[in-house]
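Visitor: Sequence:
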Amino acid sequence: MLYSFMDEEQKDPQTPPTTEKPEINPSPIQEVNPVKKSSPWLLAIVLILVIVALAAAGFFAYQNYQLKQKGSSGKETPTNSAGTTTAPLPTPTPDLLANWLTFSKESFCYSFKYPREVTFNDEEIVRLSLWGPTQKQDTEFYDGLSLTFSDPLQVGNSSLSDFVESKVAAVQTEGIAEVTKPKEAILINGLNGFTFTIKGLGTFQNIYLQSPDKSCTVEITNATVDPTNQGFQEIVDKILSTFKFVD
Numbered sequence: 001m002l003y004s005f006m007d008e009e010q011k012d013p014q015t016p017p018t019t020e021k022p023e024i025n026p027s028p029i030q031e032v033n034p035v036k037k038s039s040p041w042l043l044a045i046v047l048i049l050v051i052v053a054l055a056a057a058g059f060f061a062y063q064n065y066q067l068k069q070k071g072s073s074g075k076e077t078p079t080n081s082a083g084t085t086t087a088p089l090p091t092p093t094p095d096l097l098a099n100w101l102t103f104s105k106e107s108f109c110y111s112f113k114y115p116r117e118v119t120f121n122d123e124e125i126v127r128l129s130l131w132g133p134t135q136k137q138d139t140e141f142y143d144g145l146s147l148t149f150s151d152p153l154q155v156g157n158s159s160l161s162d163f164v165e166s167k168v169a170a171v172q173t174e175g176i177a178e179v180t181k182p183k184e185a186i187l188i189n190g191l192n193g194f195t196f197t198i199k200g201l202g203t204f205q206n207i208y209l210q211s212p213d214k215s216c217t218v219e220i221t222n223a224t225v226d227p228t229n230q231g232f233q234e235i236v237d238k239i240l241s242t243f244k245f246v247d
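If you're matching positions, the sequence shown starts at 1 in the working numbering and goes up one per residue.
In silico lysine-lysine, DSS-like type, Cα no more than 27 Å apart, as pairs:
no., residue 1, residue 2
1, K244, K181
2, K199, K167
3, K199, K183
4, K244, K113
5, K238, K136
6, K238, K181
7, K199, K238
8, K105, K244
9, K181, K199
Read the hints as simulated data drawn from the structure, not as lab findings.
Note that this is a predicted model, so its numbers are computed, not measured.
From just these sequences and the hints, can you work out the full model?
Guide: Given below as structure tokens:
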């Protein structure tokens, strides 16, 4: 106790207590890079994708070039050794009627061709027929090809025009059918004739043709109906295009 008291007396009462805070040296802050370095495998993948994209672009460019070359070569006109242009030769087309059958009789003054799939009957009148997909048996005719050719007609001293006028008048007088299309001129395979259309139990186009020497006259009746677009009328037109008078 005596030592402690003496020590306190030896202290300078005028010396104020130290109030300075010790200096603190802050440790340097390490700089943090927010962007991580790209790993080698990521760079390799990017490089591969770039190579693939360039290869695909080159392939499609080459394909486009080939197509343009083919298109331009197809339009070129051949030239001969002298350098002058020559017209391309026409491509021969096969005879579409080569396999058709031919109707011709000694007692008839005309002939024509018809396709094999068409039914031919000449028991009472020369008739060509071909049923459509919806046609039923023992009913009125409403789907298919129907084309008839009369025996040679006797017109006397009448002209073909007057003879057809008399046919139209007969239909109007009988009242069984209605004339839906009046008489008009028609040209079939280079032959001048007349036609008119009537409607009764069906629609019938009556065609009248006469040989150039007026020795033979024939009536052709077209009752073709094609509700399902089978191309029957086109077949009729082709058949009529083969019609001709014979000696």
